[in-house]
Amino acid sequence: MGKYILKRTLNSLITVVIVFVSVFMLLRLMPLSGYFPQEMLKETDEATRMSYLRNQGLLDHPVVQLGRFVANLFQGDLGRSLTVYPKVPISTLLAEKIPITAAFGFSSMLLGIVLGLSLGLLMVRFKDRWGDRLGTGYILIVRAIPNLIYLFFIQVWVSLWLDLPMVFDKDIPSSWILPVICLALGSIAWYALWLRRFMVDEENRDYVKFALVKGLPKKQVWKRHVFKNAIIPLVIYLPSDLLFIISGSLVIESLYSIPGTGGLLTTAIKSQDNNLVQVIVLMYAILSVIGVFLGDLLVAAVDPRIKLTEEA
Amino acid sequence: MENMQNTKSSRTLNPLKFRAAVFDNMLSEDTGYSNYSYWRSTIRTFFKNKAVLALVILISLIIIMSFVYPLVSPVDPNKVSLFPLEWNNRPNSEHWFGTDTLGRDIWTRAWYGVRNSFLLALCIAISDVGIGMIVGAIWGYNKKLDPIMIEIYNVITNIPSTVYLVLLAYIMNTSYLTLFISMASRGWIVEARFFRNRILSIRDSEYNVASRCLGTPMRRIATKNIIPHIISLIIMEAALCIPYSIGSEVFLGFVGVGLPVDAITLGNIVNQGRASFTLHPYQMLLPTIILCIITVAFYVIGNKFADASDPRNHV
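From first to last, the protein sequence lines are chains A and B. So the first sequence is numbered by the numbering used here: it starts at 1 and just counts up by one. So the second sequence is numbered by the numbering used here: it starts at 313 and just counts up by one.
Keep in mind the hints are simulated off the structure, nothing from the lab. Any given hint could turn out to be false.
Dumping the calculated BS3-like pairs for lysine-lysine here, alpha-carbon to alpha-carbon at most 30 Å [said to hold, decoys possible]:
1) K360(B) <-> K127(A)
2) K87(A) <-> K170(A)
3) K127(A) <-> K362(B)
4) K7(A) <-> K456(B)
5) K307(A) <-> K455(B)
6) K97(A) <-> K87(A)
7) K214(A) <-> K228(A)
8) K3(A) <-> K455(B)
9) K42(A) <-> K3(A)
10) K307(A) <-> K456(B)
11) K536(B) <-> K7(A)
12) K209(A) <-> K228(A)
13) K456(B) <-> K3(A)
14) K536(B) <-> K360(B)
15) K3(A) <-> K307(A)
16) K307(A) <-> K7(A)
Kindly generate the complete structure, drawing on both the sequences and the hints.
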């Protein structure tokens, strides 16, 4: 077990390093003029811009820059934002934005699990009847139509219909309702879809037929055997989902003007804020390998048939 | 006891009704033959659902229309009107779905958009599924590749595709090609992993192990047992790839890293319509409806085809 964890950690570390170094080097391929907004390009002359870049250390060889970043990282310094929030330390920036996004993400994740599993159970309970058709229709809409479109109509129409605020304001509690529901729509569909599929698979297994033939009450078979076995393939994604609630949703945060992390990465890439991009990419890569690892550990903990070995 | 006697007597056949057949050497050598063809059954099961049939017809009509209309229509989708009176026209007899903020005809633009978006999505689907299938097949048959392929998978899925997109946009100008490369850059490895898992499970499934034990030549196993499975998976994955690609195009347009605004795609038209939605809601109507029909239709077709291609669902 200890050996397994050590090997996994080493493997994950390699992945993180490759991801980080390749993104770091790719970012250094961008043109130098990209570090300045349009108006600044007009106002300043070449010499000022070069001296600014030299001060920021952006003219050094990429490998030197990488070494400096890593050295600073071990002292807990993530660097400062270049263009999106000029000169603001990235750690302050993240500390400001992550709690907001995490609050939305966590509440919508809870909502998604509760409603998604209930919808999935409802669909299995009324398989091939109205409950199932209703759920299938919902899943179809959420998964097939680009989310931007239905999220936009929810923002415009549902907010009018229910008289809810159209933009987020952290002093108005009711402005939390729509974004949280919108964030949960996708995960509700996901949980319902897979729970239904796995439960239908499980329901046709021999051991279920045997349990019913033996005379166990149907309710008990479903609760103790079918549901438990069907939920295991879903559990593996739980840690990743939990860790990635801090990444937020770009579409929802920009529709409702939530000052979270959702659009941060894309904005940073677009305005060539390399310092910010590399920190966010590093953070997401670490979270992603940790999430996968914890998912495997969790499955091994809940499913006695699965043992973590070096083979796996 | 009496009961048993009864059943016993009823089992002896009535000679008036039945007669023993004469032994026929030809008939005794006759072997069983089932008229089962995998593809015929798949297609029959697929079209048995009338809703699916209707969707297939509808989507074919839309796609044919989107290719034929630009060829026959004299209206230029990029023709900007200089007269403010022709801007933001509500739907009328001349402009069936109105005009947009620059006086361009929405009906015409919608069909050009469907054509361009569909072609882009189709290219992405072909590249993702094509490369993914080949890599997946090699991966599935060579267990030694596992560590390196998993590493490649982890690295590629962890690099945000916006990074490639913005970088490519600097190297060459934003165009359909840059969008295609950046969208296709990660899809193939996801598909490869999917195909690898499926090929592995098909290869090691009991009926194939049995075939191998019975001495079936590899060529026959490949053509009869493995390829039909893979082809149905390819069609299903390609169909599901299309709504996904159209969705990403809409998303990238929303973020502002997609195609330049003068490119006519469904993503751009919908995003432009969204911007003027509060004042002129009709501008978003037609493009959004067509986009939803296309994505829903391909999603349903992909899933129903997956069901139909499973021999267990064949009657």
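>> When the structure is checked against the list of hints, which entries are broken? Sort them ascending.
In response: Hint check: 9 and 11 fail, others pass.
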